[in-house]
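Let the hints inform the model, and build the full structure from the sequences given.
In the numbering used here, the protein residues as written are 5 to 262.
Take the hints with a grain of salt, since some may be wrong.
The calculated lysine-lysine pairs, modelled on DSS-like cross-linking and capped at a C-alpha distance of 27 Å, are [unchecked claim]: (1) Lys-18 <-> Lys-225; (2) Lys-13 <-> Lys-259; (3) Lys-13 <-> Lys-225; (4) Lys-13 <-> Lys-183.
What the hints contain is simulated information worked out from the structure, not anything from laboratory work.
Small disclaimer: the values here were computed from a predicted structure and weren't measured.
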Amino acid sequence: MSSFIICLKAEVRKSRNSMAVWLSLAGTVANLLLFLGLHLVGEQVGGGFSANSWREYITNHYDGIAFMMLPLYVIILCSLVFLMEHRSEMWVQLYTLAISPRQVYLGKLAFLFLLFLGAHLLFILGMLFSGLLFGLLRPASGLLDGLPDLGQIAELSARTVLSILGLMGLHAWLSFRFKAFIVPLLIGILGYVVAGLLGTGWYWQFLNPYAPGFLFMPRYKGEAIIPHLGWFSGAELMSIAYLGLFTALAFITLKRRK
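What follows is the structure, encoded as C-alpha coordinates:
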(Lines of atoms letter the chains of each structure in order from A and count residues from 1; the text may use other names and numbers.)
(Lines give C-alpha, C1' and ligand atoms only; values in the text may rest on other atoms or scores of the structure.)
Protein backbone atom coordinates (compact mmCIF):
# COMPACT_ATOMS: atom_id res chain seq x y z
CA MET A 1 0.00 0.00 0.00
CA SER A 2 2.86 2.40 0.79
CA SER A 3 4.28 1.88 -2.72
CA PHE A 4 0.89 2.71 -4.20
CA ILE A 5 0.66 5.95 -2.19
CA ILE A 6 4.19 6.90 -3.28
CA CYS A 7 3.23 6.34 -6.93
CA LEU A 8 0.02 8.34 -6.54
CA LYS A 9 1.88 11.25 -4.93
CA ALA A 10 4.42 11.14 -7.76
CA GLU A 11 1.60 11.41 -10.30
CA VAL A 12 0.18 14.43 -8.51
CA ARG A 13 3.57 16.17 -8.48
CA LYS A 14 4.29 15.40 -12.13
CA SER A 15 0.91 16.64 -13.29
CA ARG A 16 0.99 20.11 -11.77
CA ASN A 17 0.20 22.67 -14.50
CA SER A 18 -0.12 19.82 -17.00
CA MET A 19 -2.58 19.79 -19.92
CA ALA A 20 -4.65 17.12 -18.14
CA VAL A 21 -5.24 19.39 -15.14
CA TRP A 22 -5.95 22.45 -17.30
CA LEU A 23 -8.35 20.40 -19.44
CA SER A 24 -10.26 19.39 -16.32
CA LEU A 25 -10.48 22.94 -14.99
CA ALA A 26 -11.02 24.88 -18.21
CA GLY A 27 -13.32 22.25 -19.73
CA THR A 28 -15.55 22.16 -16.66
CA VAL A 29 -15.82 25.95 -16.46
CA ALA A 30 -16.52 26.17 -20.20
CA ASN A 31 -19.33 23.63 -19.91
CA LEU A 32 -20.89 25.50 -17.00
CA LEU A 33 -20.80 28.81 -18.89
CA LEU A 34 -22.24 27.13 -21.98
CA PHE A 35 -25.13 25.57 -20.05
CA LEU A 36 -25.88 28.83 -18.26
CA GLY A 37 -26.02 30.59 -21.63
CA LEU A 38 -28.33 27.90 -23.05
CA HIS A 39 -30.65 28.33 -20.08
CA LEU A 40 -30.66 32.10 -20.47
CA VAL A 41 -31.65 31.93 -24.14
CA GLY A 42 -34.10 29.14 -23.31
CA GLU A 43 -36.26 27.79 -26.09
CA GLN A 44 -35.84 30.94 -28.16
CA VAL A 45 -33.09 29.21 -30.13
CA GLY A 46 -32.57 25.61 -31.15
CA GLY A 47 -30.74 23.62 -28.49
CA GLY A 48 -31.66 25.99 -25.67
CA PHE A 49 -32.68 24.70 -22.24
CA SER A 50 -35.85 25.46 -20.31
CA ALA A 51 -35.98 24.99 -16.56
CA ASN A 52 -38.76 25.85 -14.12
CA SER A 53 -37.31 24.05 -11.13
CA TRP A 54 -34.02 22.90 -9.67
CA ARG A 55 -34.82 19.36 -10.76
CA GLU A 56 -35.09 20.39 -14.41
CA TYR A 57 -32.00 22.58 -14.16
CA ILE A 58 -29.89 19.73 -12.75
CA THR A 59 -31.27 17.22 -15.25
CA ASN A 60 -30.41 19.56 -18.13
CA HIS A 61 -26.80 19.76 -16.96
CA TYR A 62 -26.34 16.01 -16.78
CA ASP A 63 -28.12 15.59 -20.10
CA GLY A 64 -25.63 18.06 -21.55
CA ILE A 65 -22.49 16.23 -20.42
CA ALA A 66 -23.61 12.60 -20.61
CA PHE A 67 -23.89 12.06 -24.35
CA MET A 68 -20.84 13.83 -25.77
CA MET A 69 -18.67 15.70 -23.30
CA LEU A 70 -18.28 12.98 -20.69
CA PRO A 71 -16.85 10.17 -22.88
CA LEU A 72 -14.66 12.51 -24.94
CA TYR A 73 -13.26 14.10 -21.78
CA VAL A 74 -12.31 10.70 -20.34
CA ILE A 75 -10.72 9.59 -23.61
CA ILE A 76 -8.59 12.74 -23.96
CA LEU A 77 -7.73 12.78 -20.24
CA CYS A 78 -6.32 9.24 -20.37
CA SER A 79 -4.25 10.03 -23.45
CA LEU A 80 -2.79 13.19 -21.89
CA VAL A 81 -1.83 11.54 -18.60
CA PHE A 82 -0.04 8.62 -20.26
CA LEU A 83 1.56 10.86 -22.88
CA MET A 84 3.88 12.31 -20.22
CA GLU A 85 5.62 8.94 -19.81
CA HIS A 86 5.76 8.15 -23.53
CA ARG A 87 7.34 11.48 -24.47
CA SER A 88 10.44 10.98 -22.33
CA GLU A 89 10.55 7.16 -22.55
CA MET A 90 9.95 7.04 -18.81
CA TRP A 91 8.27 3.63 -18.95
CA VAL A 92 11.64 2.01 -19.62
CA GLN A 93 13.16 3.76 -16.59
CA LEU A 94 10.24 2.80 -14.38
CA TYR A 95 11.11 -0.87 -14.83
CA THR A 96 14.44 -0.26 -13.09
CA LEU A 97 12.81 1.06 -9.90
CA ALA A 98 12.33 -1.04 -6.77
CA ILE A 99 8.59 -0.32 -7.00
CA SER A 100 6.44 -2.81 -8.91
CA PRO A 101 5.34 -1.56 -12.36
CA ARG A 102 1.82 -2.61 -11.37
CA GLN A 103 1.89 -0.11 -8.51
CA VAL A 104 3.04 2.58 -10.92
CA TYR A 105 0.16 1.79 -13.28
CA LEU A 106 -2.39 1.66 -10.46
CA GLY A 107 -1.08 4.99 -9.16
CA LYS A 108 -1.62 6.53 -12.58
CA LEU A 109 -5.10 4.99 -12.83
CA ALA A 110 -5.99 6.30 -9.36
CA PHE A 111 -4.74 9.76 -10.33
CA LEU A 112 -6.99 9.69 -13.40
CA PHE A 113 -9.95 8.76 -11.21
CA LEU A 114 -9.21 11.45 -8.62
CA LEU A 115 -8.77 14.06 -11.35
CA PHE A 116 -12.16 13.09 -12.76
CA LEU A 117 -13.74 13.26 -9.30
CA GLY A 118 -12.23 16.71 -8.74
CA ALA A 119 -13.54 17.97 -12.06
CA HIS A 120 -16.98 16.55 -11.35
CA LEU A 121 -17.10 18.11 -7.89
CA LEU A 122 -16.23 21.44 -9.51
CA PHE A 123 -19.04 20.80 -12.01
CA ILE A 124 -21.56 20.23 -9.21
CA LEU A 125 -20.50 23.33 -7.26
CA GLY A 126 -20.52 25.43 -10.43
CA MET A 127 -23.94 24.07 -11.39
CA LEU A 128 -25.40 25.11 -8.03
CA PHE A 129 -23.80 28.55 -8.20
CA SER A 130 -24.95 29.13 -11.78
CA GLY A 131 -28.43 27.96 -10.76
CA LEU A 132 -28.60 30.71 -8.17
CA LEU A 133 -27.38 33.20 -10.77
CA PHE A 134 -29.97 31.95 -13.25
CA GLY A 135 -32.65 32.33 -10.59
CA LEU A 136 -31.63 35.95 -10.04
CA LEU A 137 -31.61 36.73 -13.76
CA ARG A 138 -34.81 34.77 -14.46
CA PRO A 139 -37.04 35.03 -11.36
CA ALA A 140 -39.87 33.26 -13.20
CA SER A 141 -37.77 30.08 -13.26
CA GLY A 142 -38.58 29.53 -9.58
CA LEU A 143 -35.05 28.45 -8.69
CA LEU A 144 -34.96 30.93 -5.81
CA ASP A 145 -38.20 29.54 -4.39
CA GLY A 146 -36.79 26.16 -3.45
CA LEU A 147 -33.64 24.18 -2.76
CA PRO A 148 -31.85 21.73 -5.06
CA ASP A 149 -32.60 18.06 -4.46
CA LEU A 150 -29.38 16.68 -2.95
CA GLY A 151 -30.67 13.15 -3.45
CA GLN A 152 -30.98 13.77 -7.19
CA ILE A 153 -27.46 15.19 -7.34
CA ALA A 154 -26.09 12.25 -5.35
CA GLU A 155 -27.74 9.68 -7.64
CA LEU A 156 -26.72 11.37 -10.90
CA SER A 157 -23.14 11.96 -9.75
CA ALA A 158 -22.86 8.32 -8.62
CA ARG A 159 -24.19 7.06 -11.96
CA THR A 160 -21.83 9.40 -13.78
CA VAL A 161 -18.82 7.98 -11.94
CA LEU A 162 -19.96 4.39 -12.45
CA SER A 163 -20.55 4.97 -16.15
CA ILE A 164 -16.99 6.13 -16.88
CA LEU A 165 -15.09 3.39 -14.99
CA GLY A 166 -15.00 0.92 -17.88
CA LEU A 167 -14.15 3.62 -20.41
CA MET A 168 -11.36 4.89 -18.17
CA GLY A 169 -9.99 1.37 -17.76
CA LEU A 170 -10.10 0.77 -21.51
CA HIS A 171 -8.42 4.02 -22.52
CA ALA A 172 -5.85 3.89 -19.75
CA TRP A 173 -4.79 0.54 -21.22
CA LEU A 174 -4.91 1.82 -24.82
CA SER A 175 -2.98 4.97 -23.90
CA PHE A 176 -0.35 2.80 -22.20
CA ARG A 177 -0.28 0.31 -25.08
CA PHE A 178 0.17 2.87 -27.88
CA LYS A 179 2.81 5.61 -27.75
CA ALA A 180 1.19 7.77 -30.40
CA PHE A 181 -1.38 10.12 -28.87
CA ILE A 182 -3.60 9.92 -31.94
CA VAL A 183 -4.15 6.13 -31.86
CA PRO A 184 -6.23 5.80 -28.64
CA LEU A 185 -7.92 9.08 -29.55
CA LEU A 186 -9.07 7.73 -32.93
CA ILE A 187 -10.17 4.43 -31.36
CA GLY A 188 -12.16 6.39 -28.80
CA ILE A 189 -13.85 8.60 -31.37
CA LEU A 190 -14.78 5.57 -33.50
CA GLY A 191 -16.12 3.73 -30.47
CA TYR A 192 -18.12 6.77 -29.44
CA VAL A 193 -19.58 7.22 -32.95
CA VAL A 194 -20.54 3.53 -33.22
CA ALA A 195 -22.21 3.64 -29.80
CA GLY A 196 -24.14 6.74 -30.84
CA LEU A 197 -25.29 5.12 -34.09
CA LEU A 198 -26.49 2.01 -32.27
CA GLY A 199 -28.51 4.26 -29.97
CA THR A 200 -30.43 3.42 -26.82
CA GLY A 201 -32.90 1.15 -28.60
CA TRP A 202 -30.47 -1.73 -29.13
CA TYR A 203 -30.96 -4.18 -26.26
CA TRP A 204 -27.31 -5.29 -26.09
CA GLN A 205 -25.93 -1.76 -26.04
CA PHE A 206 -25.20 -2.12 -22.31
CA LEU A 207 -22.33 -4.48 -23.24
CA ASN A 208 -20.56 -1.70 -25.15
CA PRO A 209 -17.83 -0.04 -23.00
CA TYR A 210 -18.50 3.28 -24.77
CA ALA A 211 -22.24 3.24 -24.07
CA PRO A 212 -22.75 3.68 -20.27
CA GLY A 213 -21.96 7.39 -20.41
CA PHE A 214 -24.99 8.19 -22.52
CA LEU A 215 -27.29 5.38 -21.34
CA PHE A 216 -27.68 6.42 -17.72
CA MET A 217 -29.64 9.62 -18.44
CA PRO A 218 -32.25 8.01 -20.76
CA ARG A 219 -32.69 5.29 -18.14
CA TYR A 220 -32.92 7.87 -15.35
CA LYS A 221 -35.65 9.76 -17.24
CA GLY A 222 -37.49 6.56 -18.18
CA GLU A 223 -36.83 6.98 -21.90
CA ALA A 224 -34.91 3.72 -22.36
CA ILE A 225 -35.33 0.21 -21.01
CA ILE A 226 -31.97 -1.18 -19.92
CA PRO A 227 -31.37 -4.45 -18.04
CA HIS A 228 -30.70 -3.82 -14.38
CA LEU A 229 -29.90 -5.56 -11.12
CA GLY A 230 -31.49 -3.66 -8.28
CA TRP A 231 -30.30 -0.06 -8.24
CA PHE A 232 -27.52 -0.75 -10.77
CA SER A 233 -28.16 -0.81 -14.49
CA GLY A 234 -26.55 -3.49 -16.63
CA ALA A 235 -24.38 -0.84 -18.28
CA GLU A 236 -23.05 0.33 -14.90
CA LEU A 237 -22.27 -3.22 -13.80
CA MET A 238 -20.50 -3.87 -17.10
CA SER A 239 -18.55 -0.63 -16.65
CA ILE A 240 -17.19 -1.93 -13.32
CA ALA A 241 -16.38 -5.29 -14.94
CA TYR A 242 -14.58 -3.62 -17.86
CA LEU A 243 -12.44 -1.62 -15.45
CA GLY A 244 -11.21 -4.89 -13.92
CA LEU A 245 -10.79 -6.56 -17.31
CA PHE A 246 -8.74 -3.82 -18.94
CA THR A 247 -6.64 -3.30 -15.82
CA ALA A 248 -5.81 -7.02 -15.95
CA LEU A 249 -4.86 -6.65 -19.64
CA ALA A 250 -2.60 -3.74 -18.68
CA PHE A 251 -0.86 -5.94 -16.10
CA ILE A 252 -0.30 -8.58 -18.79
CA THR A 253 1.15 -5.92 -21.09
CA LEU A 254 3.44 -4.74 -18.28
CA LYS A 255 4.69 -8.26 -17.68
CA ARG A 256 5.41 -8.86 -21.39
CA ARG A 257 7.31 -5.59 -21.76
CA LYS A 258 9.40 -6.30 -18.70
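Status of the hints after comparison with the structure:
no., hint, verdict
1, Lys-18 <-> Lys-225, "violated, 41 Å"
2, Lys-13 <-> Lys-259, "holds, 23 Å"
3, Lys-13 <-> Lys-225, "violated, 40 Å"
4, Lys-13 <-> Lys-183, "holds, 24 Å"
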